[in-house]
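Peer 1: Take a look at the letters that make up each chain.
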Amino acid sequence: MDTTNTTIVETHSLTKRYGSGVLAVDSVDMSVRRGEVYGFLGPNGAGKTTTLRMLVGLIRPTSGTATVAGHAPGDPAGLAKIGSLIESPGFYPYLSGRENLRVVANLAGVNHKRVEEILDMVELGSRAGRKFSTYSTGMKQRLGVAAAVLKDPELLILDEPTNGLDPQGMAEMRKLIKDIGQGDRTVMLSSHLLGEVEQICDRVGVISNGHLVKQATVQELLGEKGVTVRAEPSDKASEVLTKMFGPASVVREDGYFHLKTDPSRSMEINRQLTTAGIGVSELRPFERSLEEVFFQLTGEKQGS
Amino acid sequence: MIATIKAEWRKNRLRPAFLVSSGLLAALTALAYGAQWYQATHPGTGRGNAVVSILTLYPDQFVNNVIGVGFPIGAAFAIVLGALFAGSEYQWGTLKTLLTQHHGRLTTWIGRVVVFEFWMAILTAVLFAAAAVASVIVAGFQGHAISWPAPVDIAKAVGTIWLIFSVNGALGMALGTLFKTSAAALGVGLVYVLALQIIAVRFIDSFNNGAYKWIGDLFDGQNAQALIQSFTSPAFGPSAAPSIGPERAVLVLAAYLAVFLVAAATLIRQRDVT
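Heads up: the protein sequence lines correspond to chains A and B, in order. Residues in the first sequence are numbered consecutively from 875, following my numbering. Residues in the second sequence are numbered consecutively from 74, following my numbering.
Simulated from the structure, these hints should not be mistaken for lab results. One thing to keep in mind: the hints can contain errors.
Only pairs whose alpha carbons sit at most 27 angstroms apart, straight line, appear in this in silico DSS-like list of lysine-lysine [to be verified]:
#1 B:Lys253 <-> A:Lys1014
#2 B:Lys253 <-> A:Lys987
#3 A:Lys1088 <-> A:Lys987
#4 A:Lys1099 <-> A:Lys1110
#5 A:Lys1134 <-> A:Lys1110
#6 B:Lys79 <-> B:Lys253
#7 A:Lys1005 <-> B:Lys79
#8 A:Lys955 <-> B:Lys286
#9 A:Lys1052 <-> A:Lys1110
#10 A:Lys1005 <-> B:Lys253
#11 A:Lys1110 <-> A:Lys1088
#12 A:Lys987 <-> A:Lys1005
#13 A:Lys1014 <-> B:Lys79
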């Protein structure tokens, strides 16, 4: 299969070792498909930003290869198709938000009319005349996203875009990213916030200590959804549930039955059990949280 | 290339550092003229009771008068601006914004250099304009006829100052790129121009009755001073002939300019932007 049509980012054994000997990224094989919102998940210092910097050509890999938007990282032809916000928004403090975007527009070969459209999109239109140095953290982040989408890129790379934002700002930024990710555009989003990735992303790559430890859809990572039941008498309940779902879909553990079925069937399960004269003391959907999966994959301890 | 120049100009046309420097250079020139005018009209108040000739303050001598500002004062201004121009891009994180747009690193760098050189030309023009205006004011008050130096002499002087500003600005840019910060770059640059190379040249010249003077003559400051000293006039009294010819000084300074710009370009091109 020709992967160049379906993948927009592909890396093979991508490695970065700094002069100090620190191995920041170690043999990362990653693929991001066109049109998806890809979450790049990992704890602080895992190698997310270093990987993203390599993808946009800001730093050179020690070994390995990468293809981004059909080109080598840093190739001007590829950069024309990529919008990025790496780490923190970099703008000139003495210029207004609007003037900063016009500078980027000049560099990107974009008409200045587009600047006004984008300012409205990120809801900075009324405050675009103020100097960048007077902006709040949220406004700076919004301007950073605005600069990244200015050239209507095929691939948008956002590195921890909700960093430093208050809860409301984070919610607004997530909505903005979701809106931007509509249609054919690919969004690659790095974050250490599990909820953020779970809410926004289609697929996730989990990086830990420079290694890409897992790459899958959010659903694949979370595993199958199901229903947990506690009922008495348990032998009779087992009989009824096995009859309903088959033996392979009923797991009995510590007095509970874990059923591999859609939680929407909860009402039907309750009716069948009570009709059979079985007392149901507990019935709830179960799903592993991304947090559990993340800690399992990265080997980190919860709450540490 | 045009796009990078446009973008650089857009962000630097109102940059406070350039605007303030232009204003300061103009103010210093006016102040110098004012002080010299007072000294010329009040004999014995000059430095070391020296007499300042009023003839040096008239428009026909303004080129010879203002050329002295080029080194080391003008050079110091240029170093500070070069260091700020290059170093602040790292401090503000704007270099990554520039380098992740549509152009290669070298193209982006060339665009930046073009705009910086344009600002050095503006500073040169401001310097000469301020001196010309000040000389006209002095001539007007003294009732002296206004006549100007030959256009070719003005052009040579403008070229000299622009070259000196460019060389020192490029040194500032190279240091700003090397240190990835403005403060260290302008500190090291100023120490080099105002102290280190002067001490080094004196030290080298003192060996073996000046046997190694040719090494001292390779320093950019020596060549800048020699070029400035090549502008002489009887109005300023007798002056010692510079040990370096103006043609050679121009070549040496041009070589310094090229080395500083290429060194900075190499750093920009090769180094990771972290």
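Peer 1: Next step is simple, just say for each hint if it's right about the structure.
Peer 2: Here is what the structure says about each hint:
1. The suggested pairing of Lys253 (chain B) with Lys1014 (chain A) holds, with an alpha-carbon distance near 23 angstroms, which does not exceed 27 angstroms.
2. Between Lys253 (chain B) and Lys987 (chain A) the CA atoms are separated by roughly 34 angstroms; this puts the pair beyond 27 angstroms, and the hint is violated.
3. Proposed proximity of Lys1088 (chain A) and Lys987 (chain A) is contradicted: the alpha carbons are some 42 angstroms apart, above 27 angstroms.
4. Restraint check: the Cα-Cα separation between Lys1099 (chain A) and Lys1110 (chain A) comes to about 24 angstroms, which is no more than 27 angstroms; the hinted pair holds.
5. Of the supplied pair hints, the one linking Lys1134 (chain A) and Lys1110 (chain A) holds, its CA atoms being roughly 19 angstroms apart against a limit of 27 angstroms.
6. Proximity of Lys79 (chain B) to Lys253 (chain B) is assessed by CA-CA distance (about 24 angstroms); at most 27 angstroms being required, the pair is judged to hold.
7. This hinted pair checks out: Lys1005 (chain A) and Lys79 (chain B) have alpha carbons roughly 20 angstroms apart, not beyond 27 angstroms.
8. Distance check on the hinted pair: Lys955 (chain A) and Lys286 (chain B) sit about 57 angstroms apart at the alpha-carbon level, beyond 27 angstroms; violated.
9. As the CA atoms of Lys1052 (chain A) and Lys1110 (chain A) are separated by approximately 47 angstroms, the hinted pair breaks the 27 angstroms bound.
10. Of the supplied pair hints, the one linking Lys1005 (chain A) and Lys253 (chain B) holds, its CA atoms being roughly 24 angstroms apart against a limit of 27 angstroms.
11. With a C-alpha separation of about 41 angstroms, the suggested pair Lys1110 (chain A) and Lys1088 (chain A) falls outside the 27 angstroms cut-off, and the hint is violated.
12. In summary, the hint linking Lys987 (chain A) to Lys1005 (chain A) is supported, as the alpha carbons are separated by about 20 angstroms, within the 27 angstroms threshold.
13. A C-alpha spacing of about 24 angstroms is found between Lys1014 (chain A) and Lys79 (chain B), which places the hinted pair at or below 27 angstroms, so the restraint holds.
Hint violations for this structure: numbers 2, 3, 8, 9 and 11, all remaining hints satisfied.
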